Each structure stands twice: as C-alpha cells, then as structure tokens.
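Residue numbers (the numbering used here), protein chains in the order written: chain A, 1 to 278; chain B, 1 to 162.
Rather than coming from a laboratory, the hints here were simulated on the basis of the structure.
Be a bit skeptical, because a hint or two may be false.
[Stated by the list, open to error] In silico lysine-lysine, DSSO-like type, Cα no more than 30 angstroms apart, as pairs:
hint	chain 1	residue 1	chain 2	residue 2
1	A	23	B	7
2	A	45	A	157
3	A	205	A	256
4	A	23	B	133
5	B	133	A	256
6	A	157	A	217
7	B	13	A	23
8	B	95	B	13
9	A	45	B	133
10	B	95	A	10
11	B	13	A	10
[As the list claims (entries may be wrong)] Quick look at which bits of chain A chain B covers, simulated, 3 or more residues with Cβ under 8 angstroms:
hint	stretch
12	18 to 31
13	83 to 90
14	223 to 234
Note that the structure is a prediction, hence the values are computed from the model and not measured.
Each residue gets a CB set at the ideal place from its N, CA and C atoms; glycine is no exception.
These are the residues of each chain, in order.
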Amino acid sequence: MLSQLGDDAKLLAGGQSLIPLMKLRFANPSHLVDLNFVPDAAYIKEEGGAVHFGALTRHAEIENATIGARVPILHDCAAGIADVQIRNRGTIGGSLAEADPSGDWAAVLLTQKTEVHCLSPRGERTVPLADFISDAYTTVLEHDELVREVVVKSPDKGSGGAYLAFKRSAPVYPTASAAVQLGMEGDTCKDATIILGCVGLVPVKATAAEGVLRGSKIDDKSVSTAMEAVRAAVEPQSDMRGSAEYKRTLAAVLVKRAIAVAVRRARGERVEVSHIYA
Amino acid sequence: MPDTVDKVAIQLKVNGKPYSASVEPRLLLVELLREEFNLTGTHVGCDTTYCGACTVLMNGVTVKSCTMFAVQADGAELLTVEGLEKDGALHPIQKAFGDSYGLQCGYCTPGLMLSTYQLVNENHEPSETEIRKAIAGNTCRCTGYQNIFKAIRLAGQNMRGA
Chain A
1 MLSQLGDDAK LLAGGQSLIP LMKLRFANPS HLVDLNFVPD AAYIKEEGGA VHFGALTRHA
61 EIENATIGAR VPILHDCAAG IADVQIRNRG TIGGSLAEAD PSGDWAAVLL TQKTEVHCLS
121 PRGERTVPLA DFISDAYTTV LEHDELVREV VVKSPDKGSG GAYLAFKRSA PVYPTASAAV
181 QLGMEGDTCK DATIILGCVG LVPVKATAAE GVLRGSKIDD KSVSTAMEAV RAAVEPQSDM
241 RGSAEYKRTL AAVLVKRAIA VAVRRARGER VEVSHIYA
Chain B
1 MPDTVDKVAI QLKVNGKPYS ASVEPRLLLV ELLREEFNLT GTHVGCDTTY CGACTVLMNG
61 VTVKSCTMFA VQADGAELLT VEGLEKDGAL HPIQKAFGDS YGLQCGYCTP GLMLSTYQLV
121 NENHEPSETE IRKAIAGNTC RCTGYQNIFK AIRLAGQNMR GA
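Using the sequences and the hints, build the whole thing.
Here you go:
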C-alpha cells in the first residue's frame, strides 16, 4: 500500500508523536496508513528466552504486564513514558520507528539484546536495534517497510538493569535519561552496558564508562570515574530543557543512580524506579 | 495535501448512544465530539497533547481526543463527561469534585474526572503517589491540585459505596 501511495505517505501507529508534529506542520504527509486496525499486532509473548512485542503493543500494556517483574528495566520505561493517556495509545514499534533522540524505548532496549523484525513486500528481515537507528529521526526502514515485532532477549541470571529519565513534567520528553545493564558476580561487575538518551542525535553508548566498570568492583571510586567518562561521552545541546553543561551533569548523575539500582536488582532485590518529574 | 478529500462514514457509541457521521479523515476526535455531536463538555486546552482537557475514555481507557483522528474511533465506545450523570443524578466522581471544591474555573475538570474514572474504577483507595501518577497528564492552572487529590480520594470512597 505504501508503495502505491508514494513517498509522502506515512504509517500511523499510536500517533502520540506524529499527530502533534502534523498539527505543528513539522510533518505534512499526503496520506496516512492507520495500522491500528491491523489485527493481532499487539501482544507480549515469552518464547525461546526472549520477549516478543507486537509492534502495536501500547506502553500501558507493557507497564501492566507480568514481564515487568522479571525484566524490571522494561517496566521502568513503560510506566514512565509521558502520561497515562499517552501510554494508553503510544506503541513500542512506533517509538522505535520514529527514532526521536529523546525517545525512551531506544535507549532502554539498546542495553538489551534487541532485534527489530521488519516486514516489507520483499519479505521479513531481522535488524539488530544498534543497526536499526541510523540518525536522528532516521532508521534503516525502507519506505515500504514496517516494524512487525520487537524481540528482546531476557537478561542472564545475576544481571540487573535500570532506566531513569528526568523530565520537567509528565507529558514532555525527558531532559536526559540513562539505561544501565550490569552483569554482576558478587561485588564485581563482569559486564556493563550504559546508554544515554536525549544527549545526542541518537542514543549514546558510553563505551569508556562501560570499560571502567567492567572487571571492577562497583564502589564510589569506580562509579565516579564512570561518571566522568559519561560526561565526556555525551553530546548534549543547550535548549529550553537546559544547558549542555547541565545535561552532562544530569546524565552522569542518572547513570550513578541507575548503577545503584541495577546492582541491587542483580542481587535479586525488588526496587521500583521510573521517570523522575516534579 | 489533496484538494478534495473523500469523507469516511463512521459509527461509534458515545455515552451508550449510537452515533454515525461522515467525516474528513483529518478531523480530530475532539472536533467530532464538540462540533458534530455538540458534546462540548470535552474541552480543547493546549491542542498539543499536553494538558489533558480533551481526555475521554475510549474502550475503557483514557485518551487525549485532540491526538486521535475521528475515523480511528470507528466502532469504538466512548465515554465523555456528559455520560457520567445518570437520570439527572451526578456520578459519584462528579459529586466528589463538587463536595471537595476540586475545581475553580472548571476548564480542566471534565478531563480530570475521566482520568479519575480510569483510576478509581480499578482502585477505590489510591495512594497519593497513585493519584499523582494517574493525573500527571491533566494540567490544572487554578487549584494547585490539593483539592483535586481530596476529590479523587472521596471519589474512591463514593465508588466503594456505590
């Protein structure tokens, strides 16, 4: 259908970003193809050590799903996106396909082994999430291709993750966000993934900070060294949400807090966190 | 943008009553409710998906009706503020907002009452944190929210008795 309608046609999933963008005339598609009437496109299934999300699964469905107890970082994200009304409409597939630099899901799912299953008239292909987002608001999706399913491999035992986002009020995009996944053996960190949202054109992987933690004990010293590495890794822009310097500090502090939660979760503790706002 | 747009026939239920309309696909749901169905209790505040004055229930969950197209509600069941009262008697949520002085200018109130509806339907005794989270998508510029919290707690009690 998209190939018939031409380049100006766009897919409409939850519409919680696209419709506001159209009202502002930032987006002006000639045609919209509403996916919301596609049957069986919203589901959460656990199969083969992975969680499968239908592209049209709403944030609220993920917030209320039992998977949140086992993979709490998914709940951290789903339960804090915007507000209740937007979570009732917005979808995980739409969020990834929009690739907004301030979106929540991309940062979170980049800390997990995540694959995006894309469907087009040529068939289905599987793209690792790290390769899926190529630039701000840009993915590798072809014009006539859509996201069918998002597959997230369950983290190993002894691994803990957390996502924290800071925003000025509920319905707005975060000022900065941090997703952390730590594989722990006792006090020692065996593996670390740290992704920052809202502080670059795409989610920023803090490779140096991960290297600081990997193989180290998680203590004040290693965490503050990692925070310095985060400050150096991010590329925030000054805007109405805050100055670049403020966002660097915010990103580093969010990483520190997320590490603390991830460590406790790796031990099996139940800790509830989500977006922080006034 | 095409010069002429074919209208689309839709059918939906609003407050238990069947409605049908023939609408341009670009028409927003809130415009359908206000301008075609004359249900002007649902308000347009910011028109940018922020303020929640346009909140209605669609198939049991809250949505911002300024951020949906009317054609997307084809086949849906909606509840708007006009559907809360029954046979001239105020709904327990409406009564709670009145009794608690949970409104001043009243512009945000229809949206807040529908967000309250989704919350207290499932949970008659919401904690302060749960209330804050439930109405985070509804902006009130008058009250400072304290009396709205009171109203929502009272609404829960009223619903338990109902």
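Hints versus structure:
| no. | hint | in the structure |
| --- | --- | --- |
| 1 | A/23 <-> B/7 | holds, 20 angstroms |
| 2 | A/45 <-> A/157 | holds, 20 angstroms |
| 3 | A/205 <-> A/256 | holds, 15 angstroms |
| 4 | A/23 <-> B/133 | holds, 27 angstroms |
| 5 | B/133 <-> A/256 | holds, 25 angstroms |
| 6 | A/157 <-> A/217 | holds, 18 angstroms |
| 7 | B/13 <-> A/23 | holds, 26 angstroms |
| 8 | B/95 <-> B/13 | holds, 25 angstroms |
| 9 | A/45 <-> B/133 | holds, 27 angstroms |
| 10 | B/95 <-> A/10 | violated, 44 angstroms |
| 11 | B/13 <-> A/10 | holds, 28 angstroms |
| 12 | 18 to 31 | holds (count 6) |
| 13 | 83 to 90 | holds (count 6) |
| 14 | 223 to 234 | violated (count 0) |
Of the hints listed earlier, those the structure fails to meet are numbers 10, 14, in rising order.
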